[in-house]
Amino acid sequence: MNVRAMHKKGWILALTGFWLMFTPVGLLAAPPAKEGAAVAEEKGAVLGRMGDVVVTVPEFQKLMNYSNKEVKKQLLANPEILKTKIREAVLRKAVLARAKAGKWDEKPEVAYLMQRAREEVLLEQYLQHAAKVSTDFPDESLIRKVYQENKENLQAPPSVNLAQIFLKIEPNADEKSRQEVVKNAEKLYASIKKGDGEFAALAKKNSQHQPSAEKGGDMGWVEVTQLLPEIRKAVEGMKPGEVKGPIASPQGVHIVKLISSRDAQARSLEEVREHLSQLLVNKKFVENKENIFKEMVEKYPISVNDESVLQLK
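Sequence positions in the sequence shown follow numbering that gives the first Met the number 0 and run 0 to 312.
By construction, these hints were calculated from the structure, which means they are not laboratory data.
Given the structure is predicted, the values throughout are model-derived calculations rather than measurements.
Please note: incorrect hints may appear among the correct ones.
Result set (BS3-like, lysine-lysine): computed pairs, CA atoms no more than 25 Å apart in a straight line [claimed, not checked]:
hint : residue 1 : residue 2
1    : K293      : K150
2    : K203      : K193
3    : K175      : K150
Between beta-carbon pairs, the in silico distance windows are [unchecked claim]:
hint : residue 1 : residue 2 : range
4    : K203      : L121      : 56 to 66 Å
5    : I80       : N171      : 13 to 23 Å
6    : S259      : P57       : 43 to 53 Å
7    : V296      : N171      : 53 to 63 Å
8    : A98       : L121      : 16 to 26 Å
9    : E139      : V308      : 49 to 59 Å
10   : E306      : E151      : 50 to 60 Å
Glycine included, C-beta positions come from ideal geometry on N, C-alpha and C.
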């Protein structure tokens, strides 16, 4: 298992729109029988099924096409996550079928909320078009200017080049199994300290984090802020060549070796160019939206009836 903080929610900023389409709902007691008829289906090969409810290839493809491009790219690159999202799409459609079969969409409060949701989508889509930023923005001079003005704030955090031996502990493991993994880690650590075993060779043979095990445990350069809290604490004050362990984390037990470290350092313009460009585009988009509202208010001032306000309860 990676010593990086894999629980980071970094996925998320870019994924929000797509995940909302597949928000898991409480499990049904049993797959619906004929409720699937309440949901229109697109023709095409069946991608997933739950009772009579199916999600087809064209149907799921459309969902991906309307999602963030980076999300779609990452989903297609990870079959297991993709299958999970397909299952969630089928379950969501099955629950939707049950809701429609129960005529929930005809309830006044639900119908009102659905109409509000339509209006919010319409408003957002209109603003996305009306406030769209020109493709030639920002130009090179602006990017360079912002870079120079914020150079000190664009530093890369301190980084470490670590090697590790990782022994996994299953989430449902009992105490005896847990202690056995810890004991194995202690034996490996003792062997390294005595000089009976070379770290890289032991990592290749014993580490259960395959990508690093193949490289003798070498994790490459990792920003300190990305390390698991337990690893980060252990690494503090370590010297190159020093080994520490066993270190327990939610995933298992680690033995780490510090290969090298480097202090915070300024990132080059090329390293942050894309990041700065996107920040400037986002800022410009917000300004464009604000200008749309400002121009409308200036042209058509808004008035509020004070007497009518008093009638609100």
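### Whether the CB-CB distance between E306 and E151 falls inside 50 to 60 Å
About 56 Å separates the Cβ atoms of E306 and E151, which means 50 to 60 Å holds.
### Query
Between K203 and L121, does the beta-carbon spacing fit 56 to 66 Å?
58 Å, holds
#### Entry: Pairwise hint evaluation, K193 against K203, where the allowed Cα distance is 25 Å at most
Roughly 19 Å between the alpha carbons, so the hint for K203 and K193 holds.
### Query
Hey, K175 versus K150, does the alpha-carbon distance stay inside 25 Å?
52 Å, violated
### Task
Determine whether the Cβ-Cβ distance between A98 and L121 falls within the hinted range of 16 to 26 Å.
23 Å, holds
#### Entry: Agreement of K293 and K150 with the hint, judged by alpha carbon distance not exceeding 25 Å
33 Å, violated
### Query
Cβ-Cβ distance between I80 and N171: within 13 to 23 Å?
22 Å, holds
### Query
Between S259 and P57, is the Cβ distance one that fits in 43 to 53 Å?
51 Å, holds
### Message
The hint says 53 to 63 Å between V296 and N171; measuring C-beta to C-beta, is that right?
### Response
Cβ of V296 to Cβ of N171: about 59 Å, so the range 53 to 63 Å holds.
### Query
Falls inside 49 to 59 Å, the C-beta gap from E139 to V308?
52 Å, holds
Checked against the numbered hints listed earlier, the structure breaks hints 1 and 3; every other hint is satisfied.
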